[in-house]
Amino acid sequence: MSYRKKHFGIRDYVNQRAIGIKSSTAISTKIYKTLYESLGYTARCNIENYGGIFNLEFSPDGGLMVAACERRSVLLFDPITHKLAHAIPDAHDNCVNGAKFLDDRVFATCSDDKSVVLWDARNLSSRVRTFIGHTNWVKNIEYFESKKLLVTSAFDGCVFAWDVNSCADNKYTKLFHTNGLMRTRLTPDLTKMIISTTAGYIMVIHDINMETLQKDLAGFKVNNVFFLNTVNDCFS
Numbered sequence: 001m002s003y004r005k006k007h008f009g010i011r012d013y014v015n016q017r018a019i020g021i022k023s024s025t026a027i028s029t030k031i032y033k034t035l036y037e038s039l040g041y042t043a044r045c046n047i048e049n050y051g052g053i054f055n056l057e058f059s060p061d062g063g064l065m066v067a068a069c070e071r072r073s074v075l076l077f078d079p080i081t082h083k084l085a086h087a088i089p090d091a092h093d094n095c096v097n098g099a100k101f102l103d104d105r106v107f108a109t110c111s112d113d114k115s116v117v118l119w120d121a122r123n124l125s126s127r128v129r130t131f132i133g134h135t136n137w138v139k140n141i142e143y144f145e146s147k148k149l150l151v152t153s154a155f156d157g158c159v160f161a162w163d164v165n166s167c168a169d170n171k172y173t174k175l176f177h178t179n180g181l182m183r184t185r186l187t188p189d190l191t192k193m194i195i196s197t198t199a200g201y202i203m204v205i206h207d208i209n210m211e212t213l214q215k216d217l218a219g220f221k222v223n224n225v226f227f228l229n230t231v232n233d234c235f236s
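By full-length UniProt numbering, the letter at position 210 of the sequence shown is numbered 210, and the numbering carries on one by one without gaps.
Some clues are possibly wrong.
Said to hold, decoys possible - DSS-like mimics (lysine-lysine), calculated; alpha carbons at most 30 Å apart, straight line:
(1) Lys-174 x Lys-192
(2) Lys-171 x Lys-147
(3) Lys-221 x Lys-174
(4) Lys-148 x Lys-171
(5) Lys-215 x Lys-114
(6) Lys-192 x Lys-171
(7) Lys-221 x Lys-147
(8) Lys-171 x Lys-114
(9) Lys-174 x Lys-114
(10) Lys-33 x Lys-148
(11) Lys-147 x Lys-114
(12) Lys-114 x Lys-148
(13) Lys-33 x Lys-22
(14) Lys-83 x Lys-33
(15) Lys-83 x Lys-22
(16) Lys-192 x Lys-147
(17) Lys-148 x Lys-192
(18) Lys-215 x Lys-192
(19) Lys-83 x Lys-147
(20) Lys-171 x Lys-215
(21) Lys-148 x Lys-174
(22) Lys-221 x Lys-171
(23) Lys-148 x Lys-215
(24) Lys-192 x Lys-221
(25) Lys-174 x Lys-147
(26) Lys-114 x Lys-22
(27) Lys-114 x Lys-192
Bear in mind the hints are in silico, worked out from the structure with no lab data behind them.
Build the full structure now, drawing on both the sequences and the hints.
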């Protein structure tokens, strides 16, 4: 190795990048290795028994991190100490796909067992509530805080809204249905809903009103919109 490569430092690397000079792969690798090693090593938890981690979610105050796991489990970590704080080995009857915090301690999980479960981190010995209604794998959860609604979507093509303050566990509002539904997300300001499908469509609903959304979307078909746009393009 040449003297230049051997003594090439991070400052030299940054200076060259600033003026557009590309460094060799060997030098770049050395710099990256130095940077990562400087971060130090983090203790690993033995989570092999829980399978793959399908989703991670931090509590609003950053005090907890929840992991949704392949083998029916939910893990709670302390982000400060990097230690496993608690494990729920049989949180669901199938893969756990997602988690969503409602506040600093209460969170919901969804699963391929078609259910959505509400948990309280202060007492994980039992479920707070179980919501049953989807007929296929539930893939993600959103929370509409101002209305206290959980918004879930599943491979049955349905987007449901659940009132967490309602006494009935199986009472839900069917907001929307489309074939090939993949995921549903709410923007942080809760003004837009984004829906994606297996056909590659992304549907964005602006200025959502949860009280009228079911009526607003009644009869809407994503495929029909694509067909009309295609016809218009052909004759334009």
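Which numbered conditions among the earlier hints are violated in the structure presented, ordered from lowest to highest?
-> 10, 15, 19, 26
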